[in-house]
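Visitor: Sequence:
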Amino acid sequence: MAVALAAAPAVAGDVSVDVRDQAGKPVRDAVVMIRPAGGVAPGTPMKVNWPMVMAQQNTQFTPYVLIVPLGSTVSFPNKDKVRHHVYSFSAPKKFELKLYGRDETRSITFDKPGAVSLGCNIHDSMIAFIFVSDTPFAAKSNPQGVAVVQDAPAGGATLLVWHPDLKARAPIARPLAVAGAAQRATVTVELRPALTR
107 MAVALAAAPA
117 VAGDVSVDVR
127 DQAGKPVRDA
137 VVMIRPAGGV
147 APGTPMKVNW
157 PMVMAQQNTQ
167 FTPYVLIVPL
177 GSTVSFPNKD
187 KVRHHVYSFS
197 APKKFELKLY
207 GRDETRSITF
217 DKPGAVSLGC
227 NIHDSMIAFI
237 FVSDTPFAAK
247 SNPQGVAVVQ
257 DAPAGGATLL
267 VWHPDLKARA
277 PIARPLAVAG
287 AAQRATVTVE
297 LRPALTR
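Every position in the sequence shown, counted from 1, becomes a number in our numbering once 106 is added.
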């Protein structure tokens, strides 16, 4: 993975990260995190502008990747006419939400960091991921491969990138000097062939 930085005229403290695969194509749904070397002040909230919801709709999970802060409770509403049986065998959170139907919701609290793979015991094609972040400085890449991590503090840090199709199992980590002003980073990651969605 390569990281290159250049100054950019944007809101101070934001780091725009352009995630590309080994062929130079944009990587959608990558989780990008910045972990300050000096740690994070207790109680620093993640800037979340998305709901803590993993819906089941049209016999698929939506969104495909959801980032949540450590300790978050996520709702799993069923918006389909059929019943679902949501589960995860992932180390950060093993759970099972047995059969429940349309307009019913279940909730799970995610208290350990890391990637949680989701499936449905009834519909094998249903796959999604919840990434539980232990840093408040996190964002997901858009269809153009860009993630904007807001208000990253100046100083030394570690830039972490995770994606369901990464060849490496753990997030890839690289050192990053955060300028304390708007800046851009380009990250190249090596991916496996995509999972069926």
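Hints listed in this document are in silico derivations from the structure and should not be mistaken for laboratory results. Virtual Cβ for every residue (Gly too), placed ideally from N, Cα, C. One thing to keep in mind: the hints can contain errors.
No more than 16 Å apart at the CA atoms, straight line, and that leaves these computed lysine to aspartate or glutamate pairs for EDC-like [what the hints assert, rightly or not]: (1) LYS273 to ASP120; (2) LYS153 to ASP127; (3) LYS185 to ASP209; (4) LYS199 to ASP230; (5) LYS187 to ASP217; (6) LYS204 to ASP230; (7) LYS273 to GLU296; (8) LYS185 to GLU210; (9) LYS131 to ASP257; (10) LYS199 to ASP217.
Estimated spans, in silico, between C-beta atoms of each pair [as the list claims (entries may be wrong)]: (11) GLY144 to ILE228: 43 to 49 Å; (12) MET158 to ALA197: 17 to 23 Å; (13) GLU296 to GLN250: 18 to 24 Å; (14) PRO259 to MET158: 42 to 48 Å; (15) ILE228 to PRO148: 40 to 46 Å; (16) PRO249 to ARG208: 44 to 50 Å; (17) GLU210 to GLY261: 43 to 49 Å.
Visitor: Honestly, which of those hints from before does the structure not fit?
Guide: Hint check: 1, 2, 4, 5, 9, 14 and 16 fail, others pass.
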